[in-house]
Amino acid sequence: MNHMISEQNPEREYRAAMQDAALCYMQRHQAEHLGNDQQLFVRTVAHLQTTLEVPIFLAENLTGLAYGQLRASAGQRRLDLKSSSESVAVLSDPASGKSFAIPVALIFQHLVDASGARPKNPNN
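Each number in our numbering corresponds to the 1-based position in the sequence shown with 72 added.
Honestly, the hints are just simulated from the structure, not real lab data. The C-beta atom is built at its ideal place from N, Cα and C for all residues, glycine as well. Treat each hint with caution, since some may be false.
[Stated by the list, open to error] Distance windows between CB atoms, simulated: (1) A144 with Y86: 41 to 51 Å; (2) E83 with R115: 32 to 42 Å; (3) G136 with E83: 26 to 36 Å; (4) G107 with A186: 34 to 44 Å; (5) N81 with T123: 22 to 32 Å; (6) E85 with V162: 17 to 27 Å; (7) T122 with D185: 15 to 25 Å; (8) P175 with P127: 39 to 49 Å; (9) E85 with K154: 37 to 47 Å; (10) R150 with P175: 14 to 24 Å.
All chains, please: the whole structure from these sequences, using the hints.
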């Protein structure tokens with residue numbers, strides 16, 4: 073009996089279907105938000121809420137997971153979280169097949185400490 077319950081999990085199927093809906097929506101609309109992934113994210117959450125009546129907490133969670141799928145499938149340069157640590161960030165470039173290990177202290181030195189005062193709103 074437990075075997076049948078594990079095979080037919082309506083909650084898991086619902087979450088998977090809503091995550092797929094979020095991914096499809098982002099794929100269709102990403103060209104409208106080039107350079108502003110936050111707008112695409114917010115718009116996708118709103119779509120799940122209004123069109124599919126997904127509760128906001130779940131819509132945000134599933135959109136986040138779908139966004140990860142969207143970026144991973146794009147073959148873009150990325151931060152390799154599995155290989156990174158607190159002191160070393162590993163960047164991966166799928167196009168070249170290369171990975172780069174960069175000490176976090178170096179990132180702070182060249183990007184954070186050297187940048188001076190930054191605007192409070194990153195969209196400025």
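Numbers of the earlier hints that this structure fails to satisfy, in rising order
Hints 1, 2, 3, 4, 6, 7, 9 are the ones this structure does not satisfy, whereas the remaining hints hold.
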